[in-house]
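Each chain is listed here by its residues.
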Amino acid sequence: ETGVTQSPTHLIKTRGQQVTLRCSSQSGHNTVSWYQQALGQGPQFIFQYYREEENGRGNFPPRFSGLQFPNYSSELNVNALELDDSALYLCASSVVGPITDTQYFGPGTRLTVL
Amino acid sequence: QQQVKQSPQSLIVQKGGISIINCAYENTAFDYFPWYQQFPGKGPALLIAIRPDVSEKKEGRFTISFNKSAKQFSLHIMDSQPGDSATYFCAATLEGYQKVTFGTGTKLQVIP
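Chains A and B, in that order, are what the protein sequence lines are.
Under my numbering, think of the first position of the first sequence as 1, with each following residue one higher.
Under my numbering, think of the first position of the second sequence as 115, with each following residue one higher.
If we strip away everything but chain A, and leave its shape as in the complex, we get (with noise of 0.2 Å):
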């Protein structure tokens, strides 16, 4: 196990709700990424947060936001969710330093969208 936590594990929506997620980080982490797996496919990077600041996002419209908070936990806000948004949602954390490190997952919520 890696120490990183998510709730919750599983999550059924419908379209045009909003939901959150939330991450605890691996003790020691300062950074948490959000990844979005479709099912077969693989993870697909949404953002990362650094000392409580995006750091980063990739190719995801703005009702996909996040939150970290001052103890790096943090939570993934989705809004008027979409069917296509079903997927597992995977949290990672990591220390940022003077080199890259290794980002350690959490188990995931599988969020389901009628």
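Just so you know, the hints here were simulated from the structure itself, not pulled from any lab data.
Among the hints, erroneous ones may be present.
Straight line, CA to CA, 30 Å or less: simulated DSSO-like cross-link-like pairs of lysine-lysine [to be verified]:
1. B:LYS213 - B:LYS185
2. B:LYS171 - B:LYS221
3. B:LYS156 - A:LYS13
4. B:LYS119 - B:LYS129
5. B:LYS119 - B:LYS213
6. B:LYS213 - A:LYS13
Here the structure is a predicted model, which is why all the values come from computation and not from measurement.
Put chain B on the given structure of chain A with help from the hints.
For chain B alone, kept in the frame of chain A given last:
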């Protein structure tokens, strides 16, 4: 430019055999190349990783071979076991920016 191409899409190997998964990248700014193993319903777990100044790295039954000039790298799983059956992702990370770009995945099945 950010792509990481991975092959094969699926692989069936006999127990005790060698599993080989290949990846190629385009962006020479990538400076860290991890491999992740993912079981159904779980998040990806780091398996082994390499930096471009090294041509090979071995950890137990897992070996990464890295060819910087060809912009290719591969994962070899020696003495493959049924417990190795999972989806494997190669990945690459941009220098100073921790976005991980994943390959498309290889579903490995090791049969007894």
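Open item on the list: Can you confirm whether the C-alpha distance between LYS213 (chain B) and LYS185 (chain B) stays at or below 30 Å?
Closed with: holds, 19 Å
TODO: Take the C-alpha atoms of LYS171 (chain B) and LYS221 (chain B), compute the straight-line distance between them, and say whether it is at most 30 Å.
DONE: Within the cut-off at roughly 22 Å; holds.
TODO: Below or equal to 30 Å on CA atoms is what counts here, so check LYS119 (chain B) against LYS213 (chain B).
DONE: holds, 16 Å
Open item on the list: Does LYS13 (chain A) sit within 30 Å of LYS156 (chain B), going by the straight-line distance between their CA atoms?
Closed with: Roughly 21 Å separates the two Cα atoms, so the pair holds.
Task: Straight-line alpha-carbon gap LYS119 (chain B) to LYS129 (chain B), limit 30 Å - done: Satisfied, since the Cα-Cα distance of roughly 26 Å is no more than 30 Å.
Open item on the list: Next pair to validate is LYS213 (chain B) with LYS13 (chain A); report whether the Cα-Cα distance is within 30 Å.
Closed with: holds, 28 Å
The structure fails none of the hints (numbered hints given earlier).
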